[in-house]
Structure formats: C-alpha cells, structure tokens
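Taken in order, these protein sequences are the chains called P and Z. FYI, the numbering for the first sequence is 15 to 211, going by our numbering. FYI, the numbering for the second sequence is 8 to 101, going by our numbering.
Hint data in this document are derived by calculation from the structure and do not stem from the laboratory. Treat the hints with care, as some may be off.
In silico DSSO-like cross-links for lysine-lysine, where the CA-CA straight-line distance does not exceed 30 Å [stated by the list, open to error]:
1. K35/P with K64/Z
2. K35/P with K12/Z
3. K64/Z with K12/Z
4. K72/P with K35/P
Sample of chain Z residues facing chain P (criterion: CB under 10 Å; computed from the structure) [what the hints assert, rightly or not]:
5. H10
6. L21
7. L26
8. I31
9. E33
10. E36
11. P37
12. M61
13. A66
14. N72
15. Y79
16. I85
17. T88
18. G92
19. L95
20. L98
Owing to the predicted nature of the structure, the values given are computational and were not obtained by experimental measurement. Built from N, CA and C at the ideal position, the CB exists for glycine as well.
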Amino acid sequence: MSATTVTDLQTPIEGAIPGNKGIWAGILSEMTEFALLFGVYFIAKSHFPQEFREGPLKLSLFAGTFNTVLMISGSYFVANAVLAIRQNRQQASVRWLFLVLIAACGYLITKAFEFRWNVSHGITGDTGIFFAVYYYLTFTHIVHVVWGIIGLLWVIVRTRSGDYSPQSHEGMEAFASYWHATDLVWLVIFPLLYLLR
Amino acid sequence: MTHQKLIDLLWLLLLALTLGGALIGETAEPSLAITLIIVATMAFKGRMIVDHFMELKTANRTLRNLMRAYFYAVPLVIVLTSLFGDWLARLTTL
Chain P
15 MSATTVTDLQ TPIEGAIPGN KGIWAGILSE MTEFALLFGV YFIAKSHFPQ
65 EFREGPLKLS LFAGTFNTVL MISGSYFVAN AVLAIRQNRQ QASVRWLFLV
115 LIAACGYLIT KAFEFRWNVS HGITGDTGIF FAVYYYLTFT HIVHVVWGII
165 GLLWVIVRTR SGDYSPQSHE GMEAFASYWH ATDLVWLVIF PLLYLLR
Chain Z
8 MTHQKLIDLL WLLLLALTLG GALIGETAEP SLAITLIIVA TMAFKGRMIV
58 DHFMELKTAN RTLRNLMRAY FYAVPLVIVL TSLFGDWLAR LTTL
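Taking the hints into account, I'd like the entire structure generated from these sequences.
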C-alpha cells in the first residue's frame with residue numbers, strides 16, 4: 015500500500031495492499047514453499063509416527079520457545095516502526111527497527127547454540143527421518159530470516175536518511191509484511207517440531 | 008482502543024500463549040485434546056498476526072483471505088493427519 019492512503023496515521027485504508035504487489039508475490043511464494051515442506055512433514059510423520067512421537071522430546075524446547083518469543087517480538091517491533099513513521103517519528107522508528115535487528119540476530123544466535131547442542135547430544139541430519147525434516151524446515155527458515163535481515167539493514171539506512179515519511183513509506187511496509195510472514199511460518203514450525211507428538 | 012494499544016496487548020497475549028504452549032508441550036502426554044489445544048493456539052496466533060500486525064484485517068480482501076486460509080488449512084491438516092495418519096501413509100506409499 016502506498017502510504018498516501020493512510021487516513022488516520024495509524025491504520026491503512028480499507029482494501030489497500032500493505033507494502034507493494036512485488037513483496038506479496040514473494041510472500042505468497044514463501045508461504046507456498048513452506049506449505050510444500052509441511053506436506054513433506056505430514057507424509058513423513060504418517061509413515062514414521064514413532065520417530066515423530068519421540069523426536070520433539072530430544073530437541074531443546076527452551077531454544078524453540080525462546081526463538082518463538084524473539085520472532086513474535088520482532089513482528090511487534092516492526093509493527094511499531096511502521097506506526098512511528100506514520101506519525102512522523104523518524105528516530106523512534108529507527109529505534110524500533112534496531113530492536114527488530116536484535117531480535118533477528120538473537121534468533122540466529124539461538125539457532126547456532128541449538129545446533130551445537132544437538133550435535134553434542136548426537137543429533138544430526140542423519141539421526142533419523144524426524145531430524146532430517148527438522149533440519150530441512152529450520153535451515154530453510156533461517157535462509158528467509160537472513161534475507162529479512164539484509165532487507166532490514168536497507169530499511170534502517172533509508173529511515174535514518176529520512177527517505178520515509180508519513181506520506182511515503184512503502185518500502186518499510188513491504189519489509190514489515192515480509193517479516194510478519196517469516197514470523198507466521200515460524201509459528202507453524204514451532205508446534206510441528208517442538209510440541210506436537 | 009487505538010491500534011497502538013491493540014498491538015501492545017496482542018504482543019503480551021501472544022508471548023503468554025507461547026509460554027503456555029511450551030508448558031503443555033513439556034508436561035502433557037500426547038492426546039487428541041492436547042493436539043487440539045496446540046493447534047487452536049497456533050491458529051489464533053496466526054490470525055492475530057495476519058489481522059493486526061500485518062494489518063490485513065482491513066486491507067486487500069484477496070490477500071486477507073489467502074493468509075487467513077493458511078491458518079485454517081494447516082491446523083486442519085494437522086488434526087486430520089493426527090486422526091488418519093495410517094490412511095495418509097497408505098495413500099503415499101509407492
């Protein structure tokens with residue numbers, strides 16, 4: 015959505031597209047890609063129910079939960095960054111974006127510790143079908159988080175440069191939509207891998 | 008309620024649901040009821056992000072319907088594969 019359609023500086027106008035059509039082509043592709051991977055998960059689980067019943071117990075629930083907190087918080091922070099720029103509070107918007115960056119980097123650091131913890135407990139991609147699916151899903155999600163971080167750095171630079179205004183901040187909205195989508199995918203991955211048995 | 012206040016409250020609610028879900032995952036024995044609780048929580052969290060963080064509640068109808076449908080379809084498939092896993096295994100056996 016072009017920010018020129020913002021009416022009350024808080025919410026976009028009815029029927030508008032948040033960001034732009036290009037980012038939504040990417041988001042829908044991302045959601046489709048993960049839908050296919052979830053399909054692989056369901057089929058694998060139907061063939062190896064015992065492995066999928068025992069697998070989640072061997073993963074670090076703390077790491078999965080902490081990363082969920084970071085992803086949800088990142089989504090909240092970027093929503094605030096958009097609200098701030100709509101209210102012409104550029105510095106506040108930059109601060110919210112840096113919080114998104116901290117959450118995103120925290121996610122990657124937690125994942126790195128989790129993978130090291132896995133290896134120290136004898137868990138690799140060859141350990142079994144559940145863990146092969148686990149690594150496929152989580153590595154693919156990490157790739158999307160890294161793309162998001164690259165986009166985030168660009169949005170931070172543009173915001174600091176004063177390129178966004180309450181009337182024109184399509185790029186920030188596009189990034190925000192992408193980041194929310196990456197959060198949404200994690201909200202499915204978390205219960206599939208860590209909670210459901 | 009302002010949009011700002013709404014997303015503040017939703018953030019706290021989503022964090023609480025995440026911690027609650029982790030507690031259930033840690034302590035509860037697997038059952039259909041537990042699966043339904045976890046899946047309902049996932050669907051609710053997804054819907055809140057789609058509607059309020061992504062701001063699709065009042066945005067383009069096609070995008071809103073597609074994103075909302077995702078969080079109807081995935082939970083439904085989880086429950087169905089939990090109930091009819093054997094059938095899916097037979098269907099996907101080469």
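Review point. Against chain P, is I31/Z within 10 Å by beta-carbon distance?
Key: I31/Z check passes; min Cβ-Cβ to chain P is 7 Å, inside 10 Å.
Exercise for review: Mind checking the alpha carbons of K35/P and K64/Z for me, to see if they're no more than 30 Å apart?
Suggested key: holds, 17 Å
Review point. If you take the shortest Cβ to Cβ gap from Y79/Z to chain P, is it below 10 Å?
Key: violated, 12 Å
Review point. Measuring from the C-beta of N72/Z to each C-beta in chain P, is the shortest one below 10 Å?
Key: violated, 12 Å
Review point. For the hint on G92/Z, does the least C-beta distance to chain P fall short of 10 Å?
Key: holds, 4 Å
Practice item. Return the status of the interface hint for M61/Z: holds when the least beta-carbon distance to chain P is below 10 Å, violated otherwise. Key: With a minimum Cβ separation of about 5 Å from chain P (threshold 10 Å), the hint on M61/Z holds.
Practice item. Take the C-alpha atoms of K35/P and K12/Z, compute the straight-line distance between them, and say whether it is at most 30 Å. Key: Holds - the C-alpha atoms of K12/Z and K35/P are around 29 Å apart, at most 30 Å.
Point to revise | L26/Z as chain P interface residue, shortest Cβ-Cβ below 10 Å | key: With a minimum Cβ separation of about 7 Å from chain P (threshold 10 Å), the hint on L26/Z holds.
Check your understanding: Does the CB of I85/Z sit less than 10 Å away from some CB of chain P?
Key -> holds, 7 Å
Review point. Does the interface hint hold: is A66/Z within less than 10 Å of chain P, judged Cβ to Cβ?
Key: At about 5 Å, which falls below the 10 Å cut-off, the nearest Cβ of chain P leaves the hint on A66/Z intact, so it holds.
**Study point:** chain P contact restraint for T88/Z - C-beta distance below 10 Å
**Key:** With a closest approach of 5 Å, the T88/Z hint holds.
Review point. Is K64/Z close enough to K12/Z, meaning Cα to Cα at most 30 Å?
Key: holds, 16 Å
Hint check: violations occur at hints 4, 14 and 15; the rest are consistent with the structure.
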